[in-house]
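2 protein chains.
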Amino acid sequence: MQKIKGTLIPIGGNEDKGIEADEMYTLEFIDEGILFHVVKESGGVDANIVVIPTASSIPVEVGENYVTAFSTLGCKNVTVLDIRSREDSETTNAINLIENANCVMFSGGDQSKITDKIGGTTIHTILTERYKNDDGFVIAGTSAGAMAMANEMIAGGSASESFIKGAVNMYKGLGLIPELIVDTHFIRRGRFGRQSEAVAKFPNLIGIGLAEDTGMIIKNGNDCTVIGSGMVIVFDGSTLTHNNEKILKEGTPMTMANLTIHVLSNGDEYDIKNRSVSVLPIEAPFI
Amino acid sequence: MQKIKGTLIPIGGNEDKGIEADEMYTLEFIDEGILFHVVKESGGVDANIVVIPTASSIPVEVGENYVTAFSTLGCKNVTVLDIRSREDSETTNAINLIENANCVMFSGGDQSKITDKIGGTTIHTILTERYKNDDGFVIAGTSAGAMAMANEMIAGGSASESFIKGAVNMYKGLGLIPELIVDTHFIRRGRFGRQSEAVAKFPNLIGIGLAEDTGMIIKNGNDCTVIGSGMVIVFDGSTLTHNNEKILKEGTPMTMANLTIHVLSNGDEYDIKNRSVSVLPIEAPFI
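Which chain is which? The protein sequence lines are A and B, in order. Take 1 as the starting number for the first sequence in this note's numbering and just add one per residue. Take 288 as the starting number for the second sequence in this note's numbering and just add one per residue.
It is possible that some hints are incorrect.
What the hints assert, rightly or not - Listed next, the in silico DSSO-like pairs over lysine-lysine satisfying Cα-Cα at most 30 Å (straight line):
1. Lys459/B to Lys560/B
2. Lys40/A to Lys488/B
3. Lys488/B to Lys452/B
4. Lys40/A to Lys273/A
5. Lys165/A to Lys3/A
6. Lys249/A to Lys327/B
Bear in mind the hints are in silico, worked out from the structure with no lab data behind them.
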């Protein structure tokens, strides 16, 4: 298998107005602590950062929000690339921006818009190739922007109706890290059930639930390090001894026996291939 | 170890107005499907059923609500025993009612009130002795009434702040089934984090998360069968390879590696002593 040279930074989102239907209208105020890691991994304050607010319904405001946030950290080369259609993903401007970026940052909103407007286009191909081949190239994403990194992408699903087959809606993502199913706002929105159902559907994949203001730095397409103030919940379905997802009717409560869960926090590491956890010694400093 | 002859039926609660602070003012409309099991286990419609609405702040309404619900199922011998103080737990009337009941049913509300007003009193002793020694004696409880069956009882804790040490508040329960930590309204209120923290605090115990309109029939103090329309989430901390709960400061995100989770639904069985799951064949009917 080809060694991945780029870096992924999925982030669990930050601001929650408590109304999921309004998520697409929400400005995501990413904590500077997390963005600092994005800047550092991208090479520092001189990095070319391209913000893609495609998932959002208020892309102008979201774009400005990120320019301001990155500026606060000293970054001057921040460009907003607002892709509103598949045609926008084929323009010379878009292609040039992605080819010359050190970091591409996807905003929150509706992750299906990322698939619909970017999936399979020229800039999707460039993103994928650069992620595989370019040392230090960073793709970051928060909320919808993190979820779209998966191949089997959670598109939606009620928290309160979870563990009922059919509660989660799956869609195709950008496939940057096909081993993972990524969910965000994980603790605050109580998304254990929909991630469990997603893992039951794809038990060979690993479910990742990112709390708000929390993310992972993923290197080599494999080595995950937790950053931020919250926690990451890892769902490993490879230990399941019973899983009736395939044979259940829609709307029926599920049964799963022996699902393995890890709760990871700042500095803890997860190895995707080996499905193993390395925890930080208690005396280690916050990273 | 003495064989337990009575039956416990913890139930996950039913009605959720979405405001946790108002829980103690909420009428619990238990689905008749669940109450039917309570009546059946208690010996049928002639059973003496004693309803204890002590956890509730509206005990008169809650008591009447249960009398009506049991009447709908054909039960005529339903008495409300509203214990408002420890002195109320020592009256001849209370003692006689508990001694002659086939079933005692604890309502929802604030589980700490059950501990404060009944824990360590004469009727607590009678309940415990009858549960151990009397074939067919049933203790049922919904929401707070189910949580109080534990010894290490969850008294409260925010869902959104969970997986942060100190988010869960523990208190002493009635200790009827000391092997379990019971939580309720589990899916709708997103209580995975507080149950995980409770299990991290007491990793030798088994965490049980009951969804609304869902319960378990527990026989021999060991053999659990899931009833109702939702699911029961079981947290087994005995597989943990890392758990930093003991050494963490309050307010710090937790790390737990290799927590085992089971998702059980109607008809599935759990053996407490062996920590093992027996799942229902898919073709089995709803019980």
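Against the structure, the hints come out as follows:
1. Restraint check for Lys459/B and Lys560/B: satisfied, since their Cα atoms lie roughly 22 Å apart, inside the 30 Å limit.
2. A C-alpha spacing of about 37 Å is found between Lys40/A and Lys488/B, which places the hinted pair above 30 Å, so the restraint is violated.
3. Note on Lys488/B and Lys452/B: the hinted pairing holds, with a Cα-Cα distance of about 10 Å set against a maximum of 30 Å.
4. Of the pairs offered as hints, the one joining Lys40/A and Lys273/A holds, with about 26 Å between alpha carbons and a cut-off of 30 Å not exceeded.
5. With a C-alpha separation of about 36 Å, the suggested pairing of Lys165/A with Lys3/A is violated against the 30 Å cut-off.
6. Pair hint Lys249/A plus Lys327/B holds up; C-alpha atoms about 29 Å apart against a cutoff of 30 Å.
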